[in-house]
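Novice: Sequence:
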Amino acid sequence: MSINIAIDGPAGAGKSTVARRAAEKLGFIYVDTGAMYRAIALYLIRQGVAPEDKETIADRCAGADVAITYQNGEQVVSLNGENVNGLIRTDEVTRMSSAASAVPAVRARLLDLQRGLAARNNVLMDGRDIGTCILPDADVKIFLTAGTAVRAKRRFDEMIAKGDISETLESVEAKIIKRDEDDRNREISPLREAEDAVHLDTSDMTIDQAVEAVLSVCRQKGFI
1 MSINIAIDGP AGAGKSTVAR RAAEKLGFIY VDTGAMYRAI ALYLIRQGVA PEDKETIADR
61 CAGADVAITY QNGEQVVSLN GENVNGLIRT DEVTRMSSAA SAVPAVRARL LDLQRGLAAR
121 NNVLMDGRDI GTCILPDADV KIFLTAGTAV RAKRRFDEMI AKGDISETLE SVEAKIIKRD
181 EDDRNREISP LREAEDAVHL DTSDMTIDQA VEAVLSVCRQ KGFI
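The numbers in the sequence shown follow the working numbering, run straight up by one, and end at 224.
Quick caveat, the hints were computed from the structure, so don't treat them as lab data. Incorrect hints may appear among the rest.
As the list claims (entries may be wrong) - As a list, the in silico DSSO-like pairs of lysine-lysine whose alpha-carbon atoms are at most 30 Å apart: (1) Lys175 x Lys162; (2) Lys25 x Lys54; (3) Lys25 x Lys221; (4) Lys25 x Lys162; (5) Lys178 x Lys54; (6) Lys162 x Lys178; (7) Lys153 x Lys175.
Whole structure, please, built from the sequences with the hints as guidance.
Specialist: Laid out in structure tokens, this is it:
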């Protein structure tokens, strides 16, 4: 029987990085659900769909075939057979992903794939509603978060490291606050902490410390 670990939390909390490293240490398959939504978002952008046009999003998303494979231990997100790992982390994709993830047809398209992976494999899956909606019976649930100022500084530092000086720290934080509000107030599967989740605030943790904190929760639950 497979073991499922669900990690939820707000944007910019470091879920993907922490989840990926924890999964590697556990020998579990890491499922980045956010990347799957981003792939559909990229498809919708290429189709010329506006983020506010929910009817067209619901209609067009059927044309997006999203798959996850692993090459040399790295997760590869494919859109209609194309590796889109390097194309799905832009601000435009982020905005479309947030809008599309609130559309029931988009969520339904990805739900079966996500649950199928969890049923067949030991997985560590991260997102916004894994423990509440996607895998409500997950063996371990963690809500991983950090203060908005901390998340903004992390994101801003990443941008500067890449030579991107298009925004100020204040504008980055404003976007994060707006994203939190949108995610918590959307009608379909809003961001919320599962009642049986372990709350993990990483504001004062390094990535390595956060990974160890996740592994510690799994040990306490008796799954490693």
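Novice: So, for every hint listed, does it hold in this structure?
Specialist: Hint check results:
no.: 1; hint: Lys175 x Lys162; in the structure: holds, 19 Å
no.: 2; hint: Lys25 x Lys54; in the structure: violated, 40 Å
no.: 3; hint: Lys25 x Lys221; in the structure: holds, 17 Å
no.: 4; hint: Lys25 x Lys162; in the structure: holds, 28 Å
no.: 5; hint: Lys178 x Lys54; in the structure: holds, 19 Å
no.: 6; hint: Lys162 x Lys178; in the structure: holds, 24 Å
no.: 7; hint: Lys153 x Lys175; in the structure: holds, 12 Å
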